[in-house]
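Just so you know, the protein sequences line up as chains A and B, in that order.
Just so you know, we're using our numbering here: the first sequence kicks off at 1 and counts up by one.
Just so you know, we're using our numbering here: the second sequence kicks off at 1 and counts up by one.
By construction, these hints were calculated from the structure, which means they are not laboratory data.
Note that the coordinates shown come from a computational prediction; the quantities given were computed from them, not determined experimentally.
Some hints here could point you the wrong way.
Below, a list of computed lysine-lysine pairs in the DSSO-like style, where the Cα atoms sit at most 30 Å apart [what the hints assert, rightly or not]: (1) B:K74 x A:K456; (2) B:K274 x B:K74; (3) A:K456 x B:K112; (4) A:K332 x A:K456; (5) B:K111 x B:K127; (6) B:K111 x B:K133; (7) B:K112 x B:K127; (8) B:K74 x B:K111; (9) A:K456 x B:K207.
To give a feel for the contact side, a few chain B residues facing chain A, derived at Cβ under 10 Å [claimed, not checked]: (10) L117; (11) T130; (12) G134.
For glycine and all other residues, C-beta sits at the position ideal for the given N, C-alpha and C.
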Amino acid sequence: MTDFAGTGTLVRLALRRDRVLIPLWIVVFVVMAAGSAQASIDLYPDVQSRVEAARTANASPALVSLYGRIFDESSLGAVSLFKLTAFGALLVALLAAILVVRHTRAEEENGRLELLSAGVLGRYAAVTAAFIVSAGTVVLLGLLTALSLMGVGLDTRGSLAFGLTWASAGLAFAGVGAVTAQLSEGARTANGFTAIILGVSYVLRAIGDAKSDTGWVSWLSPIGWAQQIRPYAGDRFVVALLPLVLLVVTVLGALALIRRRDLGAGLVRPRPGPATASAALRSPLALAWRLHRGSLYGWGFAFLLLGFLVGNIASNVDGFVTSESAKELVQKLGGVDAITDAFLSTEMGVLGLLASAFGIQAALRLRSEETALRAEPLLATGVTRSRWLGSHVLMALFGTGVLVLLGGLGSGISSGASLGNMGRQLPRMLAAAAVQLPAIWLVTALVVILFGLAPKLVTAGWVLFGTFLLIGQFGAVFDLPQSVMNLSPYGHTPRLPGGDFSASPVIWLTVIAAALTLASFTTFRRRDIG
Amino acid sequence: MTSAIVVSGLHKSYGSTHALDGLDLEVATGEVHGFLGPNGAGKSTTIRVLLGLLRGDAGDVSLLGGDPWHDAAKLHRRLAYVPGDVNLWPNLTGGEVIDLLGRLRGGVDQKKRADLLQRFDLDPTKKGRTYSKGNRQKVALVAALASDVELLILDEPTSGLDPLMEEVFRQCIEEERQRDRTVLLSSHILSEVEALCDRVSIIRRGKVVETGTLSDLRHLTRTSIHAELAASPNGLASLPGVHGLDVEGNRVRCEVDTAQLDAVMRQLSASGIKSLVAQPPTLEELFLRHYEDDAEPLAAVR
Ligand SMILES: Nc1ncnc2c1ncn2[C@@H]1O[C@H](COP(=O)(O)OP(=O)(O)OP(=O)(O)O)[C@@H](O)[C@H]1O
Ligand SMILES: [Mg+2]
């Protein structure tokens, strides 16, 4: 048992550190679920309206691949919460995994854990404590969500099943986080591994949901399992055993990995490198490229793959329209071509959001370089502040550009190939990708100007991003006034392919992004480093 | 004699902490200048202002004849800096960091680089994350010493070095001195300062409280005296510069300001000295006196 000594202390320490963060997240999720359910209840007062809405959703490849299917078209709960079932599970899973890494690998990386280990900590204490905190958070989150859903008038069994959907995804990924935290020496890389696993899980369930003959693919994905609990549409509690098995396996795996490694080390041992720098490594920009390229390669590969998948699903839109009523609906919505375009433009929007996450993370690198005292020695050489700032800003802006274009390329090629009109589809998709950039750059620029003006607040960049995301996803459900909806830069992006293109929002977003970026150079030159 | 660094009346606050409170500092060109003071006295803050990383609230700062806030990058080409906490990029090797920093400063002397790597016994092929604290420090030291610059600014450069490596460091600084380079060396290691520095400045609570050559400073310290006299002593207590006087019959113990030594000895020999032990002042005593929190003279504590 001495391997676990000190776990209780670490749990208390973690809860103290996160005493604001955890309650805040729980509240956000509970409010999102209850609010969204309440709004839908008001929107669809009778079975007739519900069924109609559910049929439209189930007939739309864009919605199905993004959120999943509505398994019972007449169920109030299933219709109300369909946008939050799989998507919410994704977010809860992300939260759970990040919490674990935050209290294990991140602590180890910055040396704080070593300080504590010299005391009376068993070798499993950190991972156990982090897991307890994370699991406790998602269980509480699931429970409170279920209660709040009952509170707005949904049925008890379904609400419990919904809470379980979220909690089980969270538990499974708390385990995944415990494993990824052991693999590399950096918390950043660990979170990267988690994000990849999460992304693959979400894509697998999207493939499974898209066509009935690939339905089994959903069962390969922990997010798919969460969905298959089918809250308010069968309430299959027993499916939750799958994520629980994954949980047990991953936690045991994490403990086994810890036995095999030293404190501070990863499983992948860094190999020696060159004794001298290559001739190219002679500028801040060359260094920035060295620092960002690994993550850019990984993201770039993911974007190309996602693009291919999206394009591939797009060519199967016919597969969705099987029943007579669905065919009618499709005609009403403007025909198969219009639906295919609507699907593609929605998915390009999602790629735009993902690329923004890369941009924010790349821009935040400025701050982590500064706080890790790695900016100081550079700025004490002949490098001006502007050159140093510019090198990372350029990587963020250039990187997001590469990513969306790769997404556009992948989707253009695969949809062009399967629809048999590459010459038309490829340029259309590249254009659809390119118009995402101004909004992405604006969000990235917000982080950069925060870095110049109020460096301690840079992580508020994520909060802004989350707010824009929520406005975009749920603004219509909550019937927010247009002036609030307009706050999200993503709302101004032209919906390509298929939609109308107007240059003025694109130009405006670009001008604002450029102005913010330029202003950050002035503010950064005027402030203290450190 | 010109000055490489001139600071006068420098103030710097972090919110409510007044880190520098009217600091004056002068480092002559070609000298090795020690910069000492207790933890939190403001050494690193001063150095960061000198490098233009922080902006002073008030006061004048001149570095190599320029203004470090406005001409930072231009001046930085003529100096090299070793921070107290060296963090390296996890995926760059030590050798790559040395070359990168050197090139950004304007060039690396390859011969010197190879020589320093060997003398500091540093493996340049390891990745940043895998170096120990002392070896990270060595990477920064080699990067700084291998560049051809006029001024070295070193903030506790030997923290984490083992005694053998510290000896190598001393030799290197000695060589720099012979090449007429200017060095500002912040340190807590008194023997290091004593061995290397031409002049020292002692900083306390954001102000320089003493500055001068080591022999200047020795004059500010006290010699402790134990004497056995032929007769009981008289008049000692009324002499200036005598502290902690303790008379027991014919025995005397006291601390004497070094400047007043002559007068005290005369007074003692007037009573006939039978035996005498005079302990010369140590630098430690001087420093400790300034490190003591409540400026109380050390002798009084004894
Ligand atoms: N970024 C900061 N924010 C707030 N206070 C700071 C900051 N950096 C330093 N201080 C405070 O300024 C004072 C001077 O700190 P400084 O680092 O210059 O001391 P130092 O002489 O280098 O100490 P040490 O010998 O421990 O390195 C201390 O009281 C410290 O707490
Ligand atoms: Mg310091």
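Hint check:
{"no.": "1", "hint": "B:K74 x A:K456", "verdict": "29 Å, holds"}
{"no.": "2", "hint": "B:K274 x B:K74", "verdict": "66 Å, violated"}
{"no.": "3", "hint": "A:K456 x B:K112", "verdict": "41 Å, violated"}
{"no.": "4", "hint": "A:K332 x A:K456", "verdict": "52 Å, violated"}
{"no.": "5", "hint": "B:K111 x B:K127", "verdict": "23 Å, holds"}
{"no.": "6", "hint": "B:K111 x B:K133", "verdict": "25 Å, holds"}
{"no.": "7", "hint": "B:K112 x B:K127", "verdict": "22 Å, holds"}
{"no.": "8", "hint": "B:K74 x B:K111", "verdict": "25 Å, holds"}
{"no.": "9", "hint": "A:K456 x B:K207", "verdict": "29 Å, holds"}
{"no.": "10", "hint": "L117", "verdict": "9 Å, holds"}
{"no.": "11", "hint": "T130", "verdict": "6 Å, holds"}
{"no.": "12", "hint": "G134", "verdict": "15 Å, violated"}
Hint compliance for this structure: hints 2, 3, 4, 12 are not met, and every other hint is.
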